[in-house]
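**Student:** Read off the chains here:
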Amino acid sequence: MLTSWSFRKKLIFIWLTVQIIITVTTAFLLVKLTTDSMETDIVYQAEQIKPVLSSAVVTPLIQRDYASVIAILKELVTSDNIQEIIIEDRNGNLIAREPPEANQKNKPSISPLVVDFLIQADGVSLGKATLTISRNRLVETRHNFLLFSALIVIVTLLIFYLLALVLSRYVTRPISELAAIAENISKGNFIFPELAKRKDEIGLLQHAFKSMSNEIAKQINGLSLLNAELETRVRDRTKSLQVARDELVQKVEQLMLVGAVVDNSYFSISIADLRSPDTPLIYVNPAFTKITGFSAGEVLGTTSRVFQDGITDSEAMKQIHFTLENKLACTVEFLDRRRDGEDFWNRLSVFPVLIEENEPRYYVIFEEDISALKKVSAERETLLQEAQENQRLQSLGILVAGLAHEINNPLGIAITATTHVSQAAATVRKNASNLTGSALTDFLEDEEIAFQLIFDNLKRASDLVRGFKDVARDRSLDEKKEINLKVYLQSIEQSLTPVLKKSKCTLSLEVDPSISLHVNSGSLGQLLTNLVLNSTIHAFDGLKDRQLKISGSQTLQHIFLKVSDNGNGISENVLPNLFTPFYTTSRRKGGTGLGLYISRQIATEVLNGSLSVENLPEKGCEFTLKLPRY
Amino acid sequence: MRVFILAVTLSFFSLTAFGQTANLEVLIGVVPNMSARMISTQYQPVAEYFEKGLGRKVAVTTGTNFPNFYQRALANEFQLMVTAPNLATVSQADGNWEAVAVFEPGIPGLLVGMAGRQNNLEFLRGKKLAVANPQSLVALAGINWLSSQGFVNNRDYEILRIANDDSLGISLRTGEAAFALMSQGEFNAKDTELKKILTPINTFVKLPGFFIMVNANLATSEKQKMNALILDFPKSEQAKQFFSVTGFTGLQPPTDDQLKFLDSFMEATRQGLGQAK
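As they're listed, the protein sequences go chains H and S.
For reference, each letter of the first sequence is one residue, going 1 to 630 in the numbering used here.
For reference, each letter of the second sequence is one residue, going 1 to 277 in the numbering used here.
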C-alpha cells in the first residue's frame, strides 16, 4: 500500500510516524523514570521512617505508655504518604493503629508499600511495626503526567502535522514538477520549462535537473554515435573472433593431427619435464615401447636415461651431456640394447622445447631403430667401394686398351722391318755368288734404315710401357706427391688418346705450366679420367663437333681444374640429381649411376676439395674441381 | 448453617482467650531511675531468669516518671516490681505490695562534680544542683545532708530538674549545674567518656538498695514460687550478668532497721509524688 502512495503522502506519514514514536517514547520514558523515581522515594521514605519510628516508640513501649505511642503514630501519619502504622507487642497484640480502621474506607486503587519491622531496644524485642506507605500520590502524579503527556503529544502531533503539510507542499510541489519533466525526458522530450527560481536545495536540484536534462540529451546523441561505433566494433570483433575461432579450430585440428602423428609415429618420442625435480618423463608414445621394450607405465615419472648416464656408448653419452649442459640439440647413433637384451642401432635425438620462455621447459627425445638402415648402409658402402674399385679397374682397362693400341703400331712396324730385313738377308744369301757391290751397298743401307726403324719403334713401345707403368702405379698406390699439373695432365691425355679417338673427341689442355701441387695423384687421375669418359659417353649425342677442354688455374688459396665440353648440356631436372648415387639417364648404355657420385666422393673425401657442375651459357657444361693449395 | 459457624467461631475465640490467660505475660516494673532503654537492657537477664523459672513470658517495663510508676504500681499493673526503697515502703503501705528482698550493696548517695576543678561545697553557693528526680530517696537524703551542711534549697542553691539521670553528667559538663546528686549505681551507669570527666565529691549517705517486691494480689502458690525465685536469683547465671552491669552484688530479705529508716522518708515521698501529680 505504502508503495502506491504519493511522495507527499509518504513524507507526511513517515514524518508523523517518527514524531509519534519519538513523542510517545519520550512521554513513556518520562513517566517511567518519574514512576521509578517516586517508587524509589517511597522505599527510601519507608527506610527513613523505620529508625525514626523505632526510636520514637521504644521508650513508651518499654514504659507501656501506649497513649504516647498513639500520639507518636498520629504525628507520623499526618505525613502525606504514610497511610497507616500498626504497632503490635511482641505477642502479636495490637498496641496502636493509626489511623483507626474507620478511616480506611477509601482504599486506593494501587496497593501501598507495606513494611514490617521489629522494634528493638538493644537487642530486646519490644514488638513489631507495620508501616504502610501510600502510593496514591505516585498514582496521582503518574495520572497527571500521563494526561499532560497525552496533551503534549496531541498538540505536538497537530503542530507537526501542520508543519508536515506545509513542508511537504513546499518540498513535493517542485519535486512533482521535476517528476513531470523527468517523465518528459524519459519520453525523449528534453525541453525544460521555466520554473520559479529558488535559491535553496530545490533550486539547486532544478538547476541540476536542467543540467542533467541537457547532459542526457548530449549523452544520448553521444550514445547513439557510440552505439553505432560499438556495433561496428562488435561486428569487427565478432568477425575477428570468428577468424580466431577458425584458427583455433584449425590449431586444435593441427594439434590433434600432431598428437595422432606423435602417437602413430614410427619414431619413439618421449618428453622430459625440466621444471620438475629429477626431470621425469611425462610422455612416451607407443613407438617408445616398440623400440625400447619399456612400457609407458614403467617409465613415466622416472628420470630418462638420457639424464642419468643410462647410455652405454660413452661417446654418445658424452655428446648428450654436452648438449644438455649447453641447452642445445644433438643426434647420436649408437648400439643400444632393448629391454629383452636384443641389440639394435639407435639414432637418438635430443632437443629442448621453449614455450614462450627463454629457458627450455621440456626436452624431447627422439629415438629410431636404424638397425636395418645401418645394414643397408653397410651393404651400400661395400657396393660403393666395389663400384669405385671397378671404376678404377675400368679406368685402368681403358688405359691398358689405349696402351695396347699405341704399342701395337711400333711393334707392328718393328716386326715388318724385321721381316723385311730377314727377307733381304735371305735374298742376299741366295744371290751371294752373284752379289754385286752395289747390291750389297743397297742391302746394307736398306738394313741400316730397317734397324733404325726397328730401334725407334721398340723405343717408342718401351716409352709407352714405362708411361703406363707410372700411371698404373699411381692409380694403384695413390700416394700423395708433388706433381706439375700440366705434365700430369699430358700423361692423362696420352692415356686417354685411344678412347678419345674412338669417341671422335678432341681434348685440349689450357694449364698454367707453373702450377704444381701436393696431391693424391692417382685419385686425381681417376677423377679426371671419369669426368672425360663421362663427357665422351653422355655429352655429344647426335653431335659431330666434339671438343673437350681441361683448364687449370690457381688463386692464393685454391687450384681450380675445369673440365668442359661443347655438348648438349645437362637438362634442368637432371642437374640436381647428377651426383646422386645410382642415378643415371643411360642405363641402357651400361651406366651405373655411380661415376659422378664416386668422383664427388674422391673430390671431397680424398682430395679435401669440392666438385660442382653447371651448364655453360652457350652450350655444353662444365665440371669444376676446387682443390686447396696447401 | 450460619448458627453453626457462629458457634464454632465463638468457641474458637473462647479457647484463644483462655490460652491467653494461661500464658499471661508477667510484667516486671522497674522504677524509672534511668532511661527506659537502659532499664530494659539492664533488666533483660532478670526477665530471662523469671521466664525460665516461671515458664511464661516476662517483660520489663518502667514508668514515664516516679509518680506514673507509683500510680501503675498502685493499680497492680506489675506482678513484680524493682523500686527505690522509699517508694517500696510507700507502695507497701498504700498498695498491695510485699517487699521480698533488697539488692546489696546499699545505694551510696553521691555528690558529683566535674573532675579537675574546685570541688568544695562553697562552689555550690548561688548555683544549681542537678537532680534527676527530686522524689528519689537519693535526692531527698542529699537535700537533707546539704541542709545539715548549711546549704538550704532555694536559698543557697537551686534544684535543676533533669529529665532523666542520663543527662545529669551532661548538665555538669555544660556548666548548667555545679554539682549533681546521684546514686553510685547511676554513676556507674554513665558511659566511660563521661565518667572520665566526672568525679564523686562526697558519699553523703548509704541507703538500702532497690527493693524487689511481689504483687500481693497474686495467687499464693504463684507468689511463693516468685518469692523463691527471687531469693534464688543470685545463684543464677543471669544474676552474674545482671550484677556485672548494675554493680549489685547480691540480695537479702529487708531488715527491720532498713524499714524503720525508710519510714522517716514516707511522708516526704508521698508529698513528692503528690506534687509531681
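The set of hints was computed from the structure by calculation and includes no laboratory data.
Certain hints may be false.
Claimed, not checked - Calculated cross-link-like contacts (lysine-lysine; reagent style DSSO-like; alpha-carbon spacing at most 30 Å): (1) S:K260 <-> S:K52; (2) S:K52 <-> H:K128; (3) S:K190 <-> H:K50.
Only a predicted model underlies this, so the values are computations on that prediction, with no experimental measurement involved.
**Student:** Would you check the hint for K260 (chain S) and K52 (chain S), treating anything up to 30 Å between C-alpha atoms as holding?
**Tutor:** violated (35 Å)
**Student:** Holds or violated: K52 (chain S) and K128 (chain H), Cα atoms, limit 30 Å.
**Tutor:** This hinted pair holds, its Cα atoms lying about 23 Å apart.
**Student:** Can you confirm whether the C-alpha distance between K190 (chain S) and K50 (chain H) stays at or below 30 Å?
**Tutor:** Measuring from Cα to Cα gives roughly 28 Å; hence the hint holds.
Hint violations for this structure: number 1 only, all remaining hints satisfied.
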